[in-house]
Amino acid sequence: AQKVTQAQTEISVVEKEDVTLDCVYETRDTTYYLFWYKQPPSGELVFLIRRNSFDEQNEISGRYSWNFQKSTSSFNFTITASQVVDSAVYFCALSEPHSSASKIIFGSGTRLSIRP
Amino acid sequence: IAGITQAPTSQILAAGRRMTLRCTQDMRHNAMYWYRQDLGLGLRLIHYSNTAGTTGKGEVPDGYSVSRANTDDFPLTLASAVPSQTSVYFCASSQGQGTSFEQYFGPGTRLTVT
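Chains as they are written, first to last, in our numbering: chain H, 1 to 116; chain F, 1 to 114.
Think of the hints as simulated: they come from the structure by calculation, not from any bench.
All figures in this text were calculated on a predicted structure; none of them were measured in a lab.
Note that the Cβ used here is the ideal one computed from N, Cα and C, for glycine as well.
Some hints here could point you the wrong way.
As the list claims (entries may be wrong) - Covered stretches of chain H (chain F as the covering partner; in silico rule of three or more C-beta atoms under 8 Å from a C-beta of chain F):
#	stretch
1	17–24
2	106–116
Claimed, not checked - Residues from chain F shown here face chain H by an in silico Cβ test under 10 Å; the list is partial:
#	residue
3	Y33
4	L43
5	R44
6	Y64
7	S67
8	A69
9	D72
10	Q85
11	V88
12	F90
13	Y104
14	F105
15	G106
16	R110
17	V113
Produce the complete structure using the sequences and hints provided.
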């Protein structure tokens, strides 16, 4: 069955520190997609990245980077030189496009607080 | 371009009452979704629609119904609200059918059932 685990419920770091948010997933499918979303204090959910199961290249976007490792079923998210504006709840999500139900499974989220 | 709009922003509703949460998108996306967000549980899919005229059940569909008469609108109805339906409700859409596409979310509706 599909499952996404974000074991870190809350993380608090001082500004400019690097921080990694962990995401571990379970799936029986060979074709799947992984996502990260950000939910700032204002409440809206913002799409950050999508990765398909056949592309294990790591991705970097500014201060954000993602490490996808199929061997450990992980899709971790690192923020380098964190800033106060990075404070938010971050959700990892998994979808199996070939499953009978069209759905994305979200993790329970990691609340990241960046202290000035 | 507004993206996705939801109404109302928040609502306090007496148990047993009927309520429709509205969702409209102007991106001409094929697929639309309704989620509820509860503390510690992340987002859970209630219902979805891959295209106008079709709907499907998500993870937690009981007590909710949806319709998709056209591409832009995807209302969620609580026929007889119960306190356990107190939650924040998010509507989302994606360009393509299926879940391989990223979803774009509305601002949410905070619903309290008393």
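Exercise. When the nearest CB of chain H is found for F/V113, is that gap smaller than 10 Å?
Worked result: 19 Å, violated
Exercise. Was the hint right that F/S67 lines chain H, CB cutoff 10 Å?
Worked result: Violated - the Cβ of F/S67 stays beyond 10 Å from chain H, reaching only about 17 Å at its closest.
Exercise. Does F/F90 pass the interface hint, meaning its C-beta sits closer than 10 Å to a C-beta of chain H?
Worked result: It holds, given that the least Cβ distance between F/F90 and chain H is near 7 Å, below 10 Å.
For this session: Double-check F/Y64 for me: the hint is only fine if its C-beta lies closer than 10 Å to a C-beta in chain H.
Result: 15 Å, violated
Problem set entry | Hint validity - F/V88 Cβ closer than 10 Å to any chain H Cβ | With Cβ-Cβ at 7 Å, under 10 Å, it holds.
Exercise. Counting residues of the stretch 106–116 of chain H that have a beta-carbon nearer than 8 Å to any beta-carbon of chain F, does the count reach 3?
Worked result: holds (count 4)
Problem set entry | Residue hint F/R110, partner chain H, criterion CB-CB below 10 Å | 9 Å, holds
Problem set entry | When the least beta-carbon distance from F/G106 to chain H is tested against 10 Å, hint result | Status holds, d = 8 Å.
Problem set entry | Restraint outcome when F/Y33 is required to lie within 10 Å of chain H by C-beta distance | The hint holds - F/Y33 has a Cβ within 10 Å of chain H, the shortest such distance being about 8 Å.
Exercise. Do the numbers back the hint for F/Q85, that is, is its least Cβ distance to chain H under 10 Å?
Worked result: Hint violated; F/Q85 Cβ to chain H Cβ min 19 Å, cut 10 Å.
Exercise. If you take the shortest Cβ to Cβ gap from F/D72 to chain H, is it below 10 Å?
Worked result: 19 Å, violated
Exercise. Would the hint on F/F105 stand, with a C-beta cut-off of 10 Å toward chain H?
Worked result: 4 Å, holds
The structure does not agree with the numbered hints 1, 6, 7, 8, 9, 10, 17 stated previously, though it agrees with the rest.
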